Amino acid sequence: MGGARSGKSRYAETIASHCDQEVIYIATAKVLDKEMEARVERHIDDRPAHWKTIEEPIALAESLENHAASNKVILVDCLTMWVNNLLMQEDDILLTAEINKLLQVIPKLTGTVIFVSNEVGMGIMPLGELTRKFVDESGRLHQQLAQSIDNVLLIVAGLAMEVKGKKPF
Amino acid sequence: MGGARSGKSRYAETIASHCDQEVIYIATAKVLDKEMEARVERHIDDRPAHWKTIEEPIALAESLENHAASNKVILVDCLTMWVNNLLMQEDDILLTAEINKLLQVIPKLTGTVIFVSNEVGMGIMPLGELTRKFVDESGRLHQQLAQSIDNVLLIVAGLAMEVKGKKPF
Amino acid sequence: MGGARSGKSRYAETIASHCDQEVIYIATAKVLDKEMEARVERHIDDRPAHWKTIEEPIALAESLENHAASNKVILVDCLTMWVNNLLMQEDDILLTAEINKLLQVIPKLTGTVIFVSNEVGMGIMPLGELTRKFVDESGRLHQQLAQSIDNVLLIVAGLAMEVKGKKPF
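Residue numbers (the numbering used here), protein chains in the order written: chain A, 248 to 416; chain B, 248 to 416; chain C, 248 to 416.
You can't tell identical chains apart in this list, so a pair holds if it fits in one copy or across any two.
Capping the alpha-carbon separation at 16 Å, the derived lysine to aspartate or glutamate pairs in EDC-like fashion look like this:
{"hint": "1", "residue 1": "277", "residue 2": "302"}
{"hint": "2", "residue 1": "277", "residue 2": "288"}
{"hint": "3", "residue 1": "380", "residue 2": "338"}
{"hint": "4", "residue 1": "380", "residue 2": "282"}
{"hint": "5", "residue 1": "281", "residue 2": "376"}
{"hint": "6", "residue 1": "355", "residue 2": "312"}
{"hint": "7", "residue 1": "411", "residue 2": "397"}
{"hint": "8", "residue 1": "413", "residue 2": "397"}
None of these hints come from the bench; they were simulated from the model. Source: prediction; values computed, not measured.
Produce the entire structure from the sequences given, and follow the hints as far as they go.
Listed below in structure tokens is the structure:
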């Protein structure tokens, strides 16, 4: 977890690199404009060339089930983008179903899974029902997820603060 | 303290439950629209039925003085909503007076008092004098309050980080 | 580091006061309106009268080089304002050059240097390319700076949480 430009993606990538295992990178971002495209490409350039990248904006639980293995590391970047993609479908049943699927799949996964997600609730919230819903769904997901995983870190200025468990280095 | 949907209310309720004492819940929220109403009702449903709920949007210090007792737990949810209600009165003298009353009452209170409040200053601040005033007043209150209480926790993804004192569990 | 009205300036001033050395205060704020003027004056009134104040909205690296000395404390308040001033010049080459200059100067400085900066990425980001650029540049600067300094603290409600190194008191 961390703010925008807190270095959370880079920190997660460093953890993944240190695992000395095959890394599968699940990118949830949907490229919608030129600025975004540049941002995504910069991210790709930052990652080791031998990592396998999968783009999965919606069916994250399924993708995790298909790729998780005891000798692999999966890095999901990022959950808030995934929640955003789900909200853009304007289908509350799908939204709830996908989030529930993720929460049910997680305890069954073997191997290391690293989730990157944005802390989005510590500022003044702009008006708008969709924004509020985004903060609600993201926050609820973070709370539920934090219960079922071993480590939660808050990234500030590229450095990790321990929220749950120990930081790896 | 925590962001929107960080699980801070739930965490505070868990602390209150663990105290094994009568719990008085002071709700500062003013119900202004349907969405808010649903939100408040969801919160009420989450709380144990034997808790006593008091709605007090403005005269918080007075309410605390009237209800605090050495064998009771008071949970105030939340301070930022209270600051917001005060600002909505558009009466700076009232605002200052109520905040000062709260700060003076706190050291005299017996029993356990738990305050829930939002961290609102860690994002880009939208334009507008009222927003800035809200952030200023909330922030100042947090700083002053933190001096006179024993424990300050920052809630992230439903988990507590210690800012002052130890977390209860 | 800290949110708006988190007490980060005051905390930094307390650290500086405890050093028992001459303090040079570098203010990066450009006074643009009456509200800002009042805010800056309130800040000045809060500081000890014998501190030397330098106003430097742009050439921060140069100012640090000129004033740093092994028997002095320099307090820079704040970096996010400085990044904002640079962005307002609408000159990307200047922006990059000044940030690089700062990063190169820091390891060479003798004496104590304290930077105050805003965490701005933990809320919903308002639309707009300039806002995004501001968050990007601030965040990148925080990450790079955090690598080359000894202590990073996150200020919440006027209290310090350790991100890197130990808090001074």
